[in-house]
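**Student:** From first to last, the protein sequence lines are chains A and B.
Residue numbering for the first sequence follows the working numbering, beginning at 1 and increasing consecutively.
Residue numbering for the second sequence follows the working numbering, beginning at 1001 and increasing consecutively.
Some hints here could point you the wrong way.
No more than 20 Å apart at the CA atoms, straight line, and that leaves these computed lysine-lysine pairs for PhoX-like [stated by the list, open to error]:
no. : chain 1 : residue 1 : chain 2 : residue 2
1   : A       : Lys28     : A       : Lys14
2   : A       : Lys73     : A       : Lys57
3   : A       : Lys114    : B       : Lys1023
4   : B       : Lys1015   : A       : Lys73
5   : B       : Lys1019   : A       : Lys73
6   : A       : Lys78     : B       : Lys1224
7   : A       : Lys28     : A       : Lys181
8   : B       : Lys1019   : A       : Lys78
9   : A       : Lys73     : B       : Lys1023
Think of the hints as simulated: they come from the structure by calculation, not from any bench.
Just so you know, these numbers come straight off a predicted model, no measurement behind them.
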Amino acid sequence: MIQVQNLSKAFGDKEVIKNVSIDFIKGKINIIIGESGSGKTVLSKLMVGLMEPDSGKVIYDGNNFIGLNFDNKREIRKQIGMLFQGGALFDSMTVEQNIIFPLSMFTQLSEQEKTERANVCLKRVNLINANKLFPSEISGGMKKRVGIARAIAMNPKYLFCDEPNSGLDPKTSILIDNLIKEITEEFDMVTIVITHDMNSVIEIGDYINFIYKGELWWKGNSSEILKTANKEINDFVYCSTFMKKIKENL
Amino acid sequence: MNWLYHFGRYYLLIKRTFKRPEKFSIYWQQYVLQMDSLGIGSLGIVSIISIFMGAVICIQSAFGFESPWIPLYAVGVSTRDIITLEFSPTVVCLILAGKVGSNIASEIGTMRITEQIDALEIMGINSSGYLIAPKILAAVTMFPLLIVLSMFLGLFGGYIVGVAAGAVTPYEYIYGITYDFRPYNIVYALVKTYIFSFIITSVSAYHGYFTNGGALEVGRSSTKAVVYSSILILLFNVIITQILLS
Chain A
1 MIQVQNLSKA FGDKEVIKNV SIDFIKGKIN IIIGESGSGK TVLSKLMVGL MEPDSGKVIY
61 DGNNFIGLNF DNKREIRKQI GMLFQGGALF DSMTVEQNII FPLSMFTQLS EQEKTERANV
121 CLKRVNLINA NKLFPSEISG GMKKRVGIAR AIAMNPKYLF CDEPNSGLDP KTSILIDNLI
181 KEITEEFDMV TIVITHDMNS VIEIGDYINF IYKGELWWKG NSSEILKTAN KEINDFVYCS
241 TFMKKIKENL
Chain B
1001 MNWLYHFGRY YLLIKRTFKR PEKFSIYWQQ YVLQMDSLGI GSLGIVSIIS IFMGAVICIQ
1061 SAFGFESPWI PLYAVGVSTR DIITLEFSPT VVCLILAGKV GSNIASEIGT MRITEQIDAL
1121 EIMGINSSGY LIAPKILAAV TMFPLLIVLS MFLGLFGGYI VGVAAGAVTP YEYIYGITYD
1181 FRPYNIVYAL VKTYIFSFII TSVSAYHGYF TNGGALEVGR SSTKAVVYSS ILILLFNVII
1241 TQILLS
């Protein structure tokens, strides 16, 4: 479980995260949604230590991550997998080398064991024949899948997905969503998905946290979000004609 | 006070860069790769520039010494001193600042804006150590070798063109470049090169590492890397020369 307690962050005079407290549950997909610029990416960066908060705590299974030095943070970070918006694959390495890289850095596995582990991860994301390709040679959807394979290579306890569907066609988006759902249940991870894609929210969201102007504005599940009377959520969820038609049929 | 902010941030980055590696064998691989990329990769440009500049320095010296009172071997002496004291360690390092510095800043800057550095951090890897330390160490290893090679090629270029153009005889040129040779000059040149190698790689890495934004900012970081490295090279050139030759 990850607990965020009273987290705040300001850039100059602008307060982008205001006293946010959320519990993220193990084995479930915990979604953070919000408009662009609402502070959801900053919140995720604060949680993984890419930014330092002004106040508050981020507790990973009882250990407060904030204020730890780099070496102590490393121990927690080894248990974190992260899928980045653009994949963030290392350009100079092949797909296989990207997955092997964290294993080489932190394990004593032999070359053969590392290759086998990489193949298992690639098979899990349905990418078998892409081992020797470079990131520049694969599509956006494939990059996301390689990103997931790299994220799960070290058997993480916590998985962060930053906009996993951005730039993907609807079919590939559903494929990635389902993959995230399956591996969350399979590895019993705390999965946090940062998105503004309502389709993902309804498809895979177990717990939904709506961030509005840096505050935790609303929380609930995927069926509750469609029926809530909260104005800001309705403005966000039902802004498209398609979603308005869904609302009429609810 | 902006420079103080940058100096402080640069100092902290360098301090973090030289922390104990997570796995020595991976850093060693990177070090070898960087020696190839930064050192062997610069062999061509250093060789071409050194040969041609050596030739020009020799011809210009001969042109300047066109007097019955100055012995012809002075052409060799002046070519040697210009190449070993200033051209190879300083001018070649300025050229390397352009080639290697922009390469380092754009490579690391692109990694920053495409979140590859964030990915390293989240894996628990000291990103500055992994990306910057092997580059600095590779440059400090390879650049002095390149500079020594540049000295030889510069003198060789001067010999070939000087003799072919009839500006100097082979005997006088060889006599000139060996006349009153002071090995301390080579020590001075190498001390400068070690310091310049560190400046080129660390300043360029600093500008790349703290790139913010998109492709435009990567370009700006790359330009800043070359400009600031070159200015610092010129500044330290004066300081080191004053300390070692005064």
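**Student:** A separate judgement is required for each hint: does it hold in the structure or not?
**Tutor:** Comparing the hints with the structure gives:
1. A:Lys28 - A:Lys14: Violated, at roughly 33 Å.
2. A:Lys73 - A:Lys57: Roughly 14 Å separates the two Cα atoms, so the pair holds.
3. A:Lys114 - B:Lys1023: holds (16 Å)
4. B:Lys1015 - A:Lys73: holds (18 Å)
5. B:Lys1019 - A:Lys73: Within the cut-off at roughly 15 Å; holds.
6. A:Lys78 - B:Lys1224: violated (35 Å)
7. A:Lys28 - A:Lys181: Holds. Lys28 of chain A to Lys181 of chain A sits at ~8 Å (cutoff 20 Å).
8. B:Lys1019 - A:Lys78: Since the Cα atoms of Lys1019 of chain B and Lys78 of chain A sit roughly 18 Å apart, the hinted pair holds (cutoff 20 Å).
9. A:Lys73 - B:Lys1023: Satisfied, since the Cα-Cα distance of roughly 17 Å is no more than 20 Å.
The structure fails hints 1 and 6 (numbered hints given earlier, in ascending order).
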